[in-house]
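Q: The chain contents come next:
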Amino acid sequence: MPHSWTRQHLLDLQSLSADELVVLLDTARHFKQVGERSIKKVPALRGKTIVNLFVEPSTRTRISFELAGLRLSADIINFSAESSSFKKGESLKDTALNLEALNADFIVIRHGASGAPHFLSRFLKAHVVNAGDGAHEHPTQGLLDAFTIREKKGRIEGLNVTILGDILYSRVARSNIWALQKLGANVTLCGPPSLVPKIFEEIGCRVVWNMEEALRDADVINLLRIQHERQRATMFPSIGEYAGLFGLNQSRRHLVKPDALIMHPGPINRGVEIDNTFADGAQSVILQQVTNGLAIRMAVLFLLGGGRREEIAAAV
Amino acid sequence: MPHSWTRQHLLDLQSLSADELVVLLDTARHFKQVGERSIKKVPALRGKTIVNLFVEPSTRTRISFELAGLRLSADIINFSAESSSFKKGESLKDTALNLEALNADFIVIRHGASGAPHFLSRFLKAHVVNAGDGAHEHPTQGLLDAFTIREKKGRIEGLNVTILGDILYSRVARSNIWALQKLGANVTLCGPPSLVPKIFEEIGCRVVWNMEEALRDADVINLLRIQHERQRATMFPSIGEYAGLFGLNQSRRHLVKPDALIMHPGPINRGVEIDNTFADGAQSVILQQVTNGLAIRMAVLFLLGGGRREEIAAAV
Amino acid sequence: MPHSWTRQHLLDLQSLSADELVVLLDTARHFKQVGERSIKKVPALRGKTIVNLFVEPSTRTRISFELAGLRLSADIINFSAESSSFKKGESLKDTALNLEALNADFIVIRHGASGAPHFLSRFLKAHVVNAGDGAHEHPTQGLLDAFTIREKKGRIEGLNVTILGDILYSRVARSNIWALQKLGANVTLCGPPSLVPKIFEEIGCRVVWNMEEALRDADVINLLRIQHERQRATMFPSIGEYAGLFGLNQSRRHLVKPDALIMHPGPINRGVEIDNTFADGAQSVILQQVTNGLAIRMAVLFLLGGGRREEIAAAV
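Residue numbers (the working numbering), protein chains in the order written: chain A, 308 to 623; chain B, 308 to 623; chain C, 308 to 623.
One thing to keep in mind: the hints can contain errors.
It does not matter which identical chain is meant; a pair holds if it fits inside one copy or across any two.
Said to hold, decoys possible - Below are the BS3-like pairs computed for lysine-lysine, each with C-alpha atoms no more than 27 Å apart in a straight line: (1) K395 <-> K489; (2) K395 <-> K348; (3) K432 <-> K459; (4) K564 <-> K459; (5) K432 <-> K564; (6) K505 <-> K564; (7) K400 <-> K339; (8) K459 <-> K400; (9) K395 <-> K564; (10) K339 <-> K489; (11) K505 <-> K339; (12) K395 <-> K432.
Please keep in mind that the hints were generated in silico from the structure rather than gathered at the bench.
Next up, chain A with everything else stripped away, as it sits in the complex:
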């Protein structure tokens, strides 16, 4: 492989090259093995400090990053939106500078505002990792999805990948689109027209508004979570209507290729975007995505921290 990792931050997938994506996926493959061992811990980041700055609440992603850091032997500090400094009105910039002043090596940030990680990267010396920013990107989710597809299908190039749901407001969709297109997949987007506008065709995606077109020929079906606790917008149909029109259920079994992968970033809404037979069926790789997310996050932290390809064998 010609390319090695040189970036200071992981802010998005849009700006990464295909080579850089491959370095990340290859490195994660090594770290996945660490999770399968009896002693799931390597000393790569011993004595480094990682701050999880989760301004938008998240449990699953925060835990995955926390465990990735612990397994790399780093020291971890969790700083949440409920913390008193934010309540006292401190700005994001001041909060980040204060955390860096604790000699933080990494700041993993989730924030409701698109671009917050880029903003921090302009003045922090610490490595900034985007753990989800507004409707912009969720790069480690895009990477773990690409990793899972490559692991299960042996390749990404030439595959037909359908992403289903609220594309317009989904950072998961965006990070998937960038990664998969760079790695040579054909990406189809499907959902209600109000949430899947035609404009996505301008970045090379196919846009369809009915499930027959979306599912037929799909090698991978990636279902987004319907954020029904947030969806009170006029753009969104009722939950029941959504499940009927776009839910992956038995009535659509005949449209799904027998070897298509069923993916979902979780947590799933059983009976809404997916029914039990698909969620728990042989084609589902939903739980493997969770396992792979940990490997991806270990790889990201390792590479940003200056770990070199040739050191991986020693590190794992």
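Use these hints to put chains B and C onto chain A, whose structure you have.
A: Frame of chain A, contents of chains B and C only:
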């Protein structure tokens, strides 16, 4: 000792044999020494992952398990009821499967529903530890109480143990009853008739409704916490009435054997179920119970994790 | 240096001698180097248990103590005001005794009541560290401020230090006053008369009520945070009025010595007690204070834990 530990999970004490209980208590004795050292840490679970899944809030038990894991050198993730996944409506099964997909080795669960740990054990490969489920069981509490009695009295067999309070809704009472009866104690239950029904006689306990009978001849008096923040039920007398009828206070000093142990799972309500002279007196072992709880939890995690009796010396 | 550290607890700065303060500051200098290394971790407190008992919420101080403990390789338990035991009405004494019963070596306490750490120290064998008690003291803040002044100015003796703001209710001010006076500085206090009463002259401070006197000749200007989220008291002017009368802004640039240090315990209220040009200017040492706070807390934990001066080289 003929018996060694073979179980995958610790779900309850009802299904354990006396031999298994003794293995746990003996192992905990070794781990208690670890807490008395200058360096209170052993490498037994290095590189293992423990998830504390506390769906019902708890500070004391969670901290005790967390510290037990840290002293065994495990990596710990705390996952609480307030976490966003639960708020997003994810089922307990899906949450547990997602946590296991992070290569969790242990899931320590506290849950308001009786049977939740058994439910998880049916589909998880990770070790499930019951940290309290509804009104069913709280096995590590039962074990630490048995440990404390044996440590202080030199034996359990033949002792008269009285458990006082809201027996009907108490998982602490249930776990105590199973452990103590298997180990040969005579168990008396006492409290208001509405909370201590006669039916407990069917599992071999003596049921009495007045303190004179309950205290006279008791070698051990285990006071349950009156959950006065929850007790608005019609079954329960007022706090003042309870304290008058069943509180352990100076007016009952003459009924208490001078060498009887006074126990309480904490936190205590001073002036309700116990007064200061008993809580802080020479017969009280309440704080030793806390110390012993840590040793019991280390032993449970060690044995479930495959630690063998002959490895204990090396492990501690 | 003639003096070595013999104290069991760090409860306040008022009772420390100048020699003891110097031992703390000198030790912190060694630990500051640890934070500048690639591997920011030393084994000094391996196998020790630190409980952060934060009854009054705090993020910044708690994180600083947590990271100090982690970098000393201790095991850390966070226990917050929101914990269920406090909600269940357990007394502070019982909570602390229960935490100590987990073989805690250190209890770091923040509490809204002045004297809470002293109270704990009367019955705990664990080392008690005051992380802020009511309006009484915040000793590690006073130490980190003294450390920063000495580091930047080369000395403390003979310097003119002005503390600005709500002195009456500030534990930061009190700990600064004690430390700085013992170390030979001249301390001036300034703010609205209702918040800076004349009585502070009795402990050796100069009290002034206008910025011209406060700033002229000041080698160090320490701005306290205006707790505007709390200040609804009749004693306090409006935020705008305060900023106009006592804010450090460009209209007062001519009063500030060009080499005066600008300090603030954070989080800062930009545009209230300080404007951006001062907060982010070359004279500001606000972020260095954060970095130094970590070194101070490592030094405090190290010395209380029995670390000897001659062991520092090995420890760091």
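Q: Compare the structure with the hints numbered earlier in the document and write down the numbers of the violated ones, lowest to highest.
A: 1, 2, 5, 9 and 11
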